[in-house]
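Chemist: Build the full structure now, drawing on both the sequences and the hints.
Under my numbering, residue 448 is the last one in the sequence shown; the count climbs by one each step, no gaps.
Heads up, some of the hints might be wrong.
Derived DSSO-like pairs: lysine-lysine, alpha-carbon spacing no greater than 30 Å straight-line [claimed, not checked]:
1) Lys131 to Lys105
2) Lys131 to Lys314
3) Lys314 to Lys105
Keep in mind the hints are simulated off the structure, nothing from the lab.
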Amino acid sequence: MTTPTAKTRRLQQADQAHVWHPFTPMRLWLDTPPLVIERGEGFCLIDTEGRRYIDGVSSLWCNVHGHRVAELDAALREQLDRIAHTTLLGLAGPPSIELAGRLVKAASPGGGLTRVFYSDAGATAVEIAAKIAYQYWQNLGQARRTRFIAFREGYHGDTIGSVSLGGIDTFHRVYRPLLFETIFVASPCPHVHPAGDGAAAAVLAEVDAALAAHAGEVCAVTVEPLVQGAGGILTHPAGFLRDLRELTRRRDVLLIADEVATGFGRTGRMFACHHEAVEPDLMCLAKGITGGYLPLAATLATEAIFEAFLAPDKTFYHGHTYTGNALACAVAIASLERFQRERIIERMGPKIERIASFLGGIASCPNVLRTRQCGMMVGIDLALPDGEPFDPAARTGAAVCTRAREHGILIRPLGDTLVLMPAPAMDDATLAALLEGVGRTIEEHFRG
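Modeler: Right, dumping it as structure tokens:
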């Protein structure tokens with residue numbers, strides 16, 4: 001490792017002196033000089049030493065088209081020449097108006113979702129959905145409806161309301177005394193459910209039993225469609241989402257689809273719900289909504305839900321200062337236009353197949369326990385050759401990701417699960433280099 005420049009060292013020291021990083025064991029962070037990313041080009045990130053790295057997790061699952069994309073840059077500059085921000089409290093603006101129409105058209109082919117409530121992050125989009133679901137029933141006079149059903153190993157964000165719906169004990173246990181009560185059911189992922197291939201039927205029966213036991217008390221069922229991302233890229237069996245939608249209709253409860261991570265091409269369709277022709281009552285969007293450029297989120301709702309808030313004493317009293325920010329909405333419009341112009345969804349098939357082939361190839365590695373894939377969302381479980389887990393103190397997943405940097409690859413682990421999340425628009429050559437680098441890293445790390 002070469003000695004860093006004075007500029008890099010100054011930035012590293014300033015970071016360690018003042019910045020508190022998210023989801024980061026800060027004691028460990030302070031012991032190692034951080035990698036400082038200064039700029040980006042295409043699907044690569046470039047540090048202050050000029051080294052290039054393939055962005056293998058889409059800058060935490062949000063980048064879609066790459067970095068410094070001409071059309072998105074231009075949309076941002078053009079809007080900046082008009083106005084950077086104005087409130088949506090009592091006012092309207094062209095970017096938020098146009099984007100809302102485009103979002104409902106893209107997200108809801110059947111036309112069920114008609115209304116858009118903006119916010120600024122995935123957690124707030126989910127929090128808003130939960131509040132809307134609760135108040136919807138209150139507005140209809142069903143005061144006993146105060147509970148939610150959610151899935152273990154689920155993740156919906158880090159505000160108190162969204163954490164209440166989260167089922168990852170490592171992240172959430174310390175906050176339990178602050179949270180509202182949620183009825184948790186098992187994850188339907190066959191890799192973590194005792195029923196294995198029978199997981200879908202078992203979990204649907206569990207949801208049905210919970211709805212029966214709490215009849216008239218449940219506001220909504222909240223689900224990450226097809227994939228529980230932060231739980232370890234836990235993929236759901238085909239048909240589970242469709243059957244869950246039918247169950248919620250039959251039991252007369254709302255379905256909240258958290259598409260924050262799965263939306264905008266991650267699963268191979270524009271939205272995960274599209275795989276099974278599911279139209280939820282509420283849909284949460286963020287991350288890729290602006291192509292990974294700026295913070296923006298949206299909660300989409302049906303007209304029936306919206307109409308329950310129209311009476312004078314039924315107003316939804318919720319909002320954020322930067323709701324519907326003009327810069328973010330402008331770049332989101334440009335991102336949606338690029339999806340269509342470049343036929344990004346239509347061109348994803350061969351990329352998804354390439355990833356599947358790669359996963360088949362590394363399956364023979366003694367330390368690869370199993371792999372999961374849904375579109376461009378990939379989880380690689382690492383373990384000892386006998387299938388037993390590594391000692392958590394060894395931080396094996398983190399060590400593999402650190403080694404990957406030597407091959408110009410930036411990825412992140414979830415425990416000892418390696419996560420790959422290449423951008424939906426990533427070109428074939430870069431994707432091939434990413435996969436080759438990850439495979440070589442795994443081989444080198446465990447070969448010793």
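Chemist: Against each hint, give a clear statement of whether it holds in the structure.
Modeler: So, going through the hints one by one against the coordinates:
1. Between Lys131 and Lys105, the direct Cα distance comes to roughly 24 Å. Compliance with the 30 Å bound is thereby established for this hinted pair.
2. In summary, the hint linking Lys131 to Lys314 is supported, as the alpha carbons are separated by about 13 Å, within the 30 Å threshold.
3. With a C-alpha separation of about 27 Å, the suggested pair Lys314 and Lys105 falls inside the 30 Å cut-off, and the hint holds.
Hint violations for this structure: none, all hints satisfied.
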